[in-house]
Amino acid sequence: MSDVRTSPIRLVGISKRYAGTKALDDVSLEIEAGTVHGLVGANGAGKSTLGKIIGGLVRPDDGQMEVDGRPVRYATPADARADGIALIAQELALVPFLTVMENVFLGVEPHRRGFVTRRHMRQQYAELVSRWGFGVRSDALVGSLRAADRQKVEILRAVATNSRVIVMDEPTSSLTHVETERLHSMIRVLRENGTTIVYVSHFLDEVLELADAVTVLRNGRLVRTASAADETEAMLVAGMFGAAVEAEHFEKPEHSGAPVVFEVEGVRREGILNDVSFSIREGEIVGLAGLVGSGRTELARAIAGADPVDGGRIRVDGRDCRISSPGDAIRSGIAFLPESRKEDGLFMDLTLAANTTFAHVQTVASRLGFVRPIVERSKSRSLLHFLSVDPPSPSARAGNLSGGNQQKVLFARWLFKRPRVLILDEPTRGVDVGARAAIHRLINDLAAEGAAILLISSELEEVLGLAHRVLVIRRGAIVREFAADPPLGDVMEAAFGLAGTSA
Amino acid sequence: MTSQPQQAAATEPVQAEGLARLREWRSFRVRAEHVRDYGILVVFLAMFLFLTFKSPVFLTKDNLLNLLYNNSGVGIAACAVTVVVICGNFDLSLGGIFILSALLAAWVAVHWNIWLAFPVALAAGVLMGLINGLLVTKLRVNAFLATLASGLVFFGIDKAVSGGTAIYPGTSSGGSVHEGNIWTFLGQNKLGGSGGVQYPVIIFAVVAIVLQIVLARTVFGRHVYGIGGNREAARLSGLKVDRIIIITFVIAGFAAGLAGLLEYSAQGQGSPGDPTSQALALAAIAGVALGGTSIFGGVGSVWRTVIGVLMLGLITNGFNLLGVPDFYQDIVRGGLIVVAVAIGSMVERR
Numbered sequence: 001m002s003d004v005r006t007s008p009i010r011l012v013g014i015s016k017r018y019a020g021t022k023a024l025d026d027v028s029l030e031i032e033a034g035t036v037h038g039l040v041g042a043n044g045a046g047k048s049t050l051g052k053i054i055g056g057l058v059r060p061d062d063g064q065m066e067v068d069g070r071p072v073r074y075a076t077p078a079d080a081r082a083d084g085i086a087l088i089a090q091e092l093a094l095v096p097f098l099t100v101m102e103n104v105f106l107g108v109e110p111h112r113r114g115f116v117t118r119r120h121m122r123q124q125y126a127e128l129v130s131r132w133g134f135g136v137r138s139d140a141l142v143g144s145l146r147a148a149d150r151q152k153v154e155i156l157r158a159v160a161t162n163s164r165v166i167v168m169d170e171p172t173s174s175l176t177h178v179e180t181e182r183l184h185s186m187i188r189v190l191r192e193n194g195t196t197i198v199y200v201s202h203f204l205d206e207v208l209e210l211a212d213a214v215t216v217l218r219n220g221r222l223v224r225t226a227s228a229a230d231e232t233e234a235m236l237v238a239g240m241f242g243a244a245v246e247a248e249h250f251e252k253p254e255h256s257g258a259p260v261v262f263e264v265e266g267v268r269r270e271g272i273l274n275d276v277s278f279s280i281r282e283g284e285i286v287g288l289a290g291l292v293g294s295g296r297t298e299l300a301r302a303i304a305g306a307d308p309v310d311g312g313r314i315r316v317d318g319r320d321c322r323i324s325s326p327g328d329a330i331r332s333g334i335a336f337l338p339e340s341r342k343e344d345g346l347f348m349d350l351t352l353a354a355n356t357t358f359a360h361v362q363t364v365a366s367r368l369g370f371v372r373p374i375v376e377r378s379k380s381r382s383l384l385h386f387l388s389v390d391p392p393s394p395s396a397r398a399g400n401l402s403g404g405n406q407q408k409v410l411f412a413r414w415l416f417k418r419p420r421v422l423i424l425d426e427p428t429r430g431v432d433v434g435a436r437a438a439i440h441r442l443i444n445d446l447a448a449e450g451a452a453i454l455l456i457s458s459e460l461e462e463v464l465g466l467a468h469r470v471l472v473i474r475r476g477a478i479v480r481e482f483a484a485d486p487p488l489g490d491v492m493e494a495a496f497g498l499a500g501t502s503a
Numbered sequence: 504m505t506s507q508p509q510q511a512a513a514t515e516p517v518q519a520e521g522l523a524r525l526r527e528w529r530s531f532r533v534r535a536e537h538v539r540d541y542g543i544l545v546v547f548l549a550m551f552l553f554l555t556f557k558s559p560v561f562l563t564k565d566n567l568l569n570l571l572y573n574n575s576g577v578g579i580a581a582c583a584v585t586v587v588v589i590c591g592n593f594d595l596s597l598g599g600i601f602i603l604s605a606l607l608a609a610w611v612a613v614h615w616n617i618w619l620a621f622p623v624a625l626a627a628g629v630l631m632g633l634i635n636g637l638l639v640t641k642l643r644v645n646a647f648l649a650t651l652a653s654g655l656v657f658f659g660i661d662k663a664v665s666g667g668t669a670i671y672p673g674t675s676s677g678g679s680v681h682e683g684n685i686w687t688f689l690g691q692n693k694l695g696g697s698g699g700v701q702y703p704v705i706i707f708a709v710v711a712i713v714l715q716i717v718l719a720r721t722v723f724g725r726h727v728y729g730i731g732g733n734r735e736a737a738r739l740s741g742l743k744v745d746r747i748i749i750i751t752f753v754i755a756g757f758a759a760g761l762a763g764l765l766e767y768s769a770q771g772q773g774s775p776g777d778p779t780s781q782a783l784a785l786a787a788i789a790g791v792a793l794g795g796t797s798i799f800g801g802v803g804s805v806w807r808t809v810i811g812v813l814m815l816g817l818i819t820n821g822f823n824l825l826g827v828p829d830f831y832q833d834i835v836r837g838g839l840i841v842v843a844v845a846i847g848s849m850v851e852r853r
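As given, the protein sequences belong to chains A and B, one line each in that order. Throughout the first sequence, residue numbering follows the numbering used here, covering 1 to 503 in sequence. Throughout the second sequence, residue numbering follows the numbering used here, covering 504 to 853 in sequence.
Here chain A stands alone, though its shape is the one from the complex (with noise of 0.2 Å):
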């Protein structure tokens, strides 16, 4: 890189209100071109705000931002684009039913006189591919593609407009851990050819391995930007939460002697599942490790009733269950906090008292059906203060809220009425390093109390830091069992099914 370091963005007071809630507060920062600049903080810290104000989804209440020295106020994303300014957004912003070559080029289609010339398409993507040394099959539908190839046509498609700035908010967040490679690969590329690159996200490992320079965020407010050079992951956190903080160890005590509460036996699903058994003591965390279609989601989704089944038994307590419908599920004391909580969990229009009484709201109503407000709000309060969710007032709107505190709010409807069995996928994405260990204990507290935990993440450190069994499923089937605390080389080796699956 040459000396003289040209700084394409430079943002000076920006700051942003919603709602009432200072997302960001007089923020000055500089870009440097070429560079990957990694933006950091806890959630709700304001960083995607951030992301989203340099790639004009966002429109700052106040400051400056400029480009190449130009004060620029960008009313849509359309017209970052005009100045080479790309976002790739959280959610990828792509359109299902076209195929991936139309949507790298949706809105700068080769035409002549109005109608497409598919050929000078083709040869432009074939050009892109080469230059770039990735792609992804060209008449492929992107509604058919695995998160990692859509991420790709995403930067394809900016780099089709000739960006020089791509901004990424949590690019990872869906990626496993080879496609986050690739990706990372793909981005030094851009890199060396001169692009600069914005990194939103909240894995401090990648971002330290990744980018140039780093600007930690805290509550809004600029903590510092610095070399990545000069910056530690401990150092990262103490800046993202004004002081350090440890990661916990928990204990992890012997469950042998303890009753059994929930047993699966023999569950099917055809293609899917293959005869899954395990079981499950009283006050045990089981951890569920395995890869990305592995079949471990589908395992969770199947024993909460959410998919159906083609066979198998599922006893809770000694009791036969049939289990058709997550109602079924809920009546005989098994709980299910699902994968996505914006898809599949939060009502995001409704208050959080509404949230955590969702499932069992017949238990605050009158016998006639009547919901008692006040019966209501007090009992979602202590839940709200229990968990430690801010704001814990019951009538925010669950939209409002940060991720972490989303998350927590989604504990809550699970928790208001002690499930024996609570299954837990991926109970920490999206969410902060602080609300992260606020639910790890929380987890270890539930089990301590008596209830039986399954616990599913792709994260294997966390599945390794909390569960005191670890199971490990591959194509759909329990291929091996540890006791707490495995080797994480060794769990990774099952998953992968490299060695010892006979065990």
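These aren't lab readings, by the way, just hints derived from the structure by calculation. Be aware that one or more of the hints could be misleading.
With beta-carbon atoms standing in for the labels, derived distance ranges [said to hold, decoys possible]:
1. B:Gly542 - A:Gly266: 56 to 62 Å
2. B:Ser848 - A:Ala238: 40 to 46 Å
3. A:Ser185 - B:Glu536: 40 to 46 Å
4. B:Leu552 - A:Leu368: 37 to 43 Å
Pairs of lysine-lysine residues, derived as DSSO-like cross-links and limited to a Cα-Cα distance of at most 30 Å, are as follows [said to hold, decoys possible]:
5. A:Lys342 - A:Lys417
6. A:Lys342 - B:Lys641
7. B:Lys743 - A:Lys417
8. B:Lys743 - A:Lys342
Just so we're clear, the structure is a prediction, and the values are computed from it rather than from any experiment. Glycine included, each C-beta is placed from N, C-alpha and C at the ideal position.
Let chain A serve as the given structure and place chain B on it in line with the hints.
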């Protein structure tokens, strides 16, 4: 329920609850959401005041009762379809249910027995609502298309049964004067004699109040909002989603049947299709949208729909009183709906 110990335990959280609410109120400020949520009330009151000062006739009991009477049919249908819309669906078949229920009632009055006419109208409405609900849940037909199609069928049956001519319960079809009077009683009479309130107005008020309470206060209402806001989350919370959706369509069918009965009771006939019924579903949904209920479901309420319907009625009433040409009315109505919906989505976008 045993009340004694429970009450004692309940007082403490109640007090804490009151304090907490007070704290929330202190930090109250007018925000964009409030414009969206209560703007419609302000505009309604402004129009009301404007007409009061502009026209000497507007603020009279007769005029206001007429305004309510003229909008009671649409109002009843609109309040009920609000429940369907909040649950994330749509009902375009209201007009068909409205006219076919009334026609079947008139047919029963003439051919069987006048007293059977009323339960038949309501049962027909319920049955048609049930068909809509089953189409949407069991056959998984998109509600918009399912009810567009079922509405067409209902209109068709109406024409087939009537043979294209109206059915008049009473003397003209060989019945007695007494029978004719029974048929027109609800539509043409007032509670408390000639100076009283028309029965359709009273029924509209009852329907609105009951549905408002059902949605805002009951477990069923909570489930309706949940399904409309996030259907999958509602299912995973253990709800019988299909059953609740079917009930919402049945409520709409019942209300449309009731509205039809009142309308044609007022007209003294059962009709083979007329302009009111053709426009009913869209008029009702216009009222729902103007009130600020999201047509994507999950957000809204019945009182909003009442305001929306009355606002549309106020335009007709006010324009007539002020002698403004008719054709401006629809332009103003259309404009208002666009503004209301646009404010709603602008606040969402922010």
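(request) For the pair supplied as a hint, Lys342 (chain A) and Lys417 (chain A), confirm whether the alpha-carbon distance does not exceed 30 Å. (result) At roughly 22 Å apart (the allowed maximum being 30 Å), Lys417 (chain A) and Lys342 (chain A) satisfy the hint.
(request) State, for the Cβ atoms of Leu552 (chain B) and Leu368 (chain A), whether the hinted interval 37 to 43 Å holds or is violated. (result) The hint (37 to 43 Å, Cβ to Cβ) holds, given that Leu552 (chain B) and Leu368 (chain A) are roughly 40 Å apart.
(request) State, for the Cβ atoms of Gly542 (chain B) and Gly266 (chain A), whether the hinted interval 56 to 62 Å holds or is violated. (result) holds, 59 Å
(request) Measure nothing beyond the straight line between the CA atoms of Lys743 (chain B) and Lys417 (chain A); if it is 30 Å or shorter, mark the hint as holding. (result) holds, 19 Å
(request) Look at the Cβ atoms of Ser848 (chain B) and Ala238 (chain A) and judge whether their distance stays inside 40 to 46 Å. (result) Taking Cβ atoms as reference, Ser848 (chain B) and Ala238 (chain A) lie about 42 Å apart, which means the hint holds.
(message) Run the distance test for Lys342 (chain A) versus Lys641 (chain B): straight-line Cα separation, threshold 30 Å.
(response) holds, 26 Å
(request) Below or equal to 30 Å on CA atoms is what counts here, so check Lys743 (chain B) against Lys342 (chain A). (result) holds, 21 Å
(request) Evaluate the given range 40 to 46 Å for the C-beta pair formed by Ser185 (chain A) and Glu536 (chain B). (result) Given range 40 to 46 Å: holds, Cβ gap about 45 Å.
Of the numbered hints listed earlier, not one is contradicted by the structure.
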